[in-house]
Amino acid sequence: MVKFAVVVFPGTNCDFETERAIRKAGAEAERVWYKTSLKDFDGVVLPGGFSYADYLRAGAIAARQEIMEEVKEFARDGRPVLGICNGFQILTESGLLPGALRPNKVPRFICRWVHLKVADTETPFTQLYEPGETIRMPIAHAEGNYYVDEPSKVRVVFQYSDEKGNITEEANPNGSLLNIAAVANEKGNVLGTMPHPERASDRFLGSEDGLRLFRSMVEWARR
Amino acid sequence: MRWKVKVIVRLKEGLNDPEGRVIQKALRNLGFNVENLRVPKYFEFELESEKPEEEAEEMCRKLLANPLIHEWEYSVEPVS
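Those protein sequence lines, which keep their order, are chains X and D. Heads up: the first sequence begins at 1 in my numbering, then just goes up one per residue. Heads up: the second sequence begins at 1 in my numbering, then just goes up one per residue.
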């Protein structure tokens, strides 16, 4: 059975839910303290939270820890690397994904459900979604305002949209460029998402749309 | 040799600074005619080094700033 590492930094707080969602999607998952080695795993997930209390910039200090060298190896080898919220911030800060996540345009913490348009179903994380589909997931962040120098070169995976999938300014909660909510690297095996799929992985949470992301990832890692 | 290093990291010109915008609005509400308020980050520390400028530059590039969105400046003076 494929096995995913859920990396825990000081201040990470979405590790248990993420571990649970991966298991529900059919793989093994283990929470791993950031000073542990990642060998024996088939993929890595950097969960949400507030690593190092988000001091300096969200994700900046976690991105410079030794374990990230191993995460970079995973990325280079084409194995799946998923960063959720703070994990996305860590991936941009470490250079594994292009761009930066700046403070929200409305300068406060935003925690609510959003609609997302699935813009790319060709990645290991989105292969079980329908092209152009609209899904629901929650966001919870203060620094999710995505910026990049050359947007045309970025692989956009989710965009904030209205219920019908229209990409409008009103549907953009944080001021992200082009309503970007999730991006992948060129190969597609590294994904950063501000919305939390693990918080939309059970009907009692209000949506199961996020579970398909983990199912896609697990199915792909099995091959 | 021991140096006192002062570093300022600020958002590049043209990038929106939400914190600055809120503070500016609050100052304007107090009656001050403030414009273009930005909130840079200021660091100061002592550094034992033979090449403090080079190391300060490296620190900005590697951690203190995000080169994609920030610019920075620093000054270095000997600790007496």
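Please keep in mind that the hints were generated in silico from the structure rather than gathered at the bench. Keep in mind the model is a prediction, meaning the values are calculated, not measured. Among the hints, erroneous ones may be present.
Said to hold, decoys possible - With a Cα cut of at most 27 Å, we get these calculated DSSO-like pairs of lysine-lysine:
#: 1; chain 1: D; residue 1: 51; chain 2: X; residue 2: 105
#: 2; chain 1: D; residue 1: 25; chain 2: X; residue 2: 105
#: 3; chain 1: X; residue 1: 72; chain 2: D; residue 2: 62
#: 4; chain 1: X; residue 1: 164; chain 2: X; residue 2: 105
#: 5; chain 1: D; residue 1: 51; chain 2: D; residue 2: 6
#: 6; chain 1: X; residue 1: 153; chain 2: D; residue 2: 62
#: 7; chain 1: D; residue 1: 41; chain 2: D; residue 2: 51
#: 8; chain 1: X; residue 1: 3; chain 2: X; residue 2: 164
#: 9; chain 1: D; residue 1: 62; chain 2: D; residue 2: 41
#: 10; chain 1: D; residue 1: 62; chain 2: X; residue 2: 187
#: 11; chain 1: X; residue 1: 153; chain 2: X; residue 2: 187
#: 12; chain 1: X; residue 1: 35; chain 2: D; residue 2: 62
#: 13; chain 1: X; residue 1: 39; chain 2: X; residue 2: 24
#: 14; chain 1: D; residue 1: 4; chain 2: D; residue 2: 41
#: 15; chain 1: D; residue 1: 62; chain 2: D; residue 2: 12
#: 16; chain 1: X; residue 1: 105; chain 2: D; residue 2: 41
#: 17; chain 1: D; residue 1: 4; chain 2: X; residue 2: 105
#: 18; chain 1: D; residue 1: 51; chain 2: D; residue 2: 62
#: 19; chain 1: D; residue 1: 12; chain 2: X; residue 2: 153
Hint by hint, here is what the structure shows:
Under the criterion of a C-alpha separation no larger than 27 Å, the hint pairing residue 51(D) with residue 105(X) is inconsistent with the structure, at around 39 Å. For the hint linking residue 25(D) to residue 105(X), the alpha-carbon distance of about 15 Å falls within 27 Å, and the restraint holds. A distance of roughly 17 Å separates the Cα atoms of residue 72(X) and residue 62(D); the hinted pair therefore holds under the 27 Å criterion. In summary, the hint linking residue 164(X) to residue 105(X) is supported, as the alpha carbons are separated by about 24 Å, within the 27 Å threshold.
With a C-alpha separation of about 15 Å, the suggested pair residue 51(D) and residue 6(D) falls inside the 27 Å cut-off, and the hint holds. Taking the CA atoms of residue 153(X) and residue 62(D), the gap is about 24 Å. The hint holds against a cut of 27 Å. Annotation: proposed proximity of residue 41(D) to residue 51(D) holds, straight-line Cα distance about 23 Å (limit 27 Å). Distance check on the hinted pair: residue 3(X) and residue 164(X) sit about 36 Å apart at the alpha-carbon level, beyond 27 Å; violated.
Straight-line distance between C-alpha atoms of residue 62(D) and residue 41(D) comes to about 16 Å, which keeps the hinted pair within the 27 Å bound. Under the criterion of a C-alpha separation no larger than 27 Å, the hint pairing residue 62(D) with residue 187(X) is consistent with the structure, at around 25 Å. In summary, the hint linking residue 153(X) to residue 187(X) is supported, as the alpha carbons are separated by about 12 Å, within the 27 Å threshold. Between residue 35(X) and residue 62(D) the alpha-carbon distance is near 21 Å, which keeps this suggested pair within the 27 Å criterion.
Taking the CA atoms of residue 39(X) and residue 24(X), the gap is about 23 Å. The hint holds against a cut of 27 Å. Restraint check for residue 4(D) and residue 41(D): the C-alpha separation of about 17 Å stays at or below 27 Å, so the hint holds. Restraint check for residue 62(D) and residue 12(D): satisfied, since their Cα atoms lie roughly 17 Å apart, inside the 27 Å limit. A threshold of 27 Å between alpha carbons decides the hint, and for residue 105(X) with residue 41(D) the separation of about 18 Å falls inside it, so the pair holds.
For the given pair, residue 4(D) sits about 35 Å from residue 105(X) by alpha-carbon distance, which is inconsistent with the 27 Å threshold. Only pairs whose Cα atoms come within 27 Å are accepted, and residue 51(D) paired with residue 62(D) is accepted, the gap being roughly 17 Å. About 21 Å separates the Cα atoms of residue 12(D) and residue 153(X), which keeps this hinted pair within 27 Å; it holds.
Checked against the numbered hints given earlier, the structure breaks hints 1, 8 and 17 and satisfies all the rest.
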